[in-house]
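Asker: Model the full structure from these sequences, guided by the hints.
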Amino acid sequence: MPAKIRTILVDDEPLARASVSILLRNDPQIEIIAECSSGAQALTAIRSLKPDLLFLDVEMPELDGFDVLEMLGTHLPPAIIFVTAYDKYALRAFETGALDYLLKPFDNGRFHRALDRAKHRAVPPYDPPTSPSLTVKSAGQIHFLKLSEIDWIEAADYYSCLHIGPKTHLLRRSMAELEAELDPNLFCRIHRSAIVQIDRVKSLQINKIGEYDVLLNDNTTTLRLSRRHKKNLQSRLESRNLN
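Under this note's numbering, the first residue of the sequence shown is numbered 3, with each subsequent residue one higher.
A hint or two may mislead.
As the list claims (entries may be wrong) - Below, a list of computed lysine to aspartate or glutamate pairs in the DMTMM-like style, where the Cα atoms sit at most 20 Å apart: (1) Lys169 <-> Asp153; (2) Lys148 <-> Asp109; (3) Lys233 <-> Asp220; (4) Lys90 <-> Asp69; (5) Lys148 <-> Asp118; (6) Lys233 <-> Glu33; (7) Lys121 <-> Asp69; (8) Lys204 <-> Glu183.
Claimed, not checked - Ranges of calculated distance between the beta carbons of each label pair, as one might list FRET restraints: (9) Glu64 <-> Thr223: 19 to 27 Å; (10) His77 <-> Asp159: 25 to 33 Å; (11) Gly212 <-> Leu78: 23 to 31 Å; (12) Asp89 <-> Asp69: 13 to 21 Å.
Read the hints as simulated data drawn from the structure, not as lab findings.
No residue lacks a Cβ here, since even glycine has one placed at the ideal position from N, Cα and C.
Answerer: Encoded structure:
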């Protein structure tokens with residue numbers, strides 16, 4: 003039997019937690035390992051239990067949902083679904099790496115669509131590819147692109163645009179899917195719309211609004227660095243330089 007998807011529910015409203023719990027109980031793939039009523043409880047539970055799937059409310063006592071994710075740093079669960087009554091947080095939720103955003107009240111169909119996506123993220127139906135290449139179909143041709151050749155990857159709606167020197171290749175894969183499969187020792191997410199190969203980074207530069215941009219080795223490509231990913235990238239660059 004495949005391993006169960008270990009799940010934590012976080013919401014300060016008991017009825018909201020109960021409704022999600024009821025929808026999950028009859029799913030043989032799901033195991034609810036904790037229910038938390040505050041951000042502080044959630045932080046402790048996630049750190050100790052290391053769930054595969056997290057259902058997370060936004061507005062909660064002590065720490066809100068975004069505070070919880072920020073304090074977890076890079077140690078986030080593989081699949082995160084925000085569950086909230088406020089639509090104003092949707093963009094920020096996806097910027098933090100959320101897989102889906104359920105707006106209360108939601109119907110069973112919407113919930114299970116989100117859950118199906120989470121299952122594929124939390125427990126992939128296949129082993130991550132070990133081959134250091136990506137297959138791209140374009141204009142009737144099939145290209146096998148070595149990962150080591152990719153400078154950076156850009157979000158393009160439901161596609162991802164692979165930048166290799168002056169050339170680009172469009173891949174019908176989401177940024178979230180690619181990030182989950184790429185070697186984290188080689189690639190780093192720097193923005194919701196950009197993943198960069200760490201060895202291609204030349205420097206970080208402060209722009210006109212006081213934020214950081216990422217300058218690549220070609221001295222012409224400048225990419226935006228979001229605050230959420232800044233510490234992780236700096237840490238990775240420091241490790242690279244030490245090695």
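Asker: It remains to establish, for every hint, whether it holds in the given structure.
Answerer: Verification of the hints:
1. At most 20 Å may separate the alpha-carbon atoms for a hinted pair to count; Lys169 and Asp153 meet this at roughly 10 Å.
2. The straight-line distance between the Cα atoms of Lys148 and Asp109 is roughly 43 Å, outside the 20 Å bound, and the hint therefore fails.
3. The hinted pair formed by Lys233 and Asp220 fails the criterion: a straight-line CA distance of about 23 Å is larger than 20 Å.
4. Distance hint between Lys90 and Asp69 is fulfilled; the C-alpha atoms sit about 16 Å from each other, no more than 20 Å.
5. Restraint check: the Cα-Cα separation between Lys148 and Asp118 comes to about 31 Å, which exceeds 20 Å; the hinted pair is violated.
6. For a cut-off of 20 Å, the pair hint linking Lys233 to Glu33 is broken: about 33 Å separates their Cα positions.
7. Distance hint between Lys121 and Asp69 is unfulfilled; the C-alpha atoms sit about 25 Å from each other, more than 20 Å.
8. A hinted pair counts as satisfied when its Cα atoms are at most 20 Å apart, and Lys204 with Glu183 does not qualify at roughly 24 Å.
9. In this structure, Glu64 and Thr223 break the distance hint of 19 to 27 Å, their C-beta atoms being roughly 42 Å apart.
10. The hint said 25 to 33 Å for the Cβ distance between His77 and Asp159, and at roughly 30 Å that hint holds.
11. Judged by the Cβ atoms, the range 23 to 31 Å given for Gly212 and Leu78 holds: they are separated by roughly 27 Å.
12. A hinted range of 13 to 21 Å holds for the C-beta pair Asp89 and Asp69, which are about 20 Å apart.
When each numbered hint is compared with the structure, violations occur for hints 2, 3, 5, 6, 7, 8 and 9.
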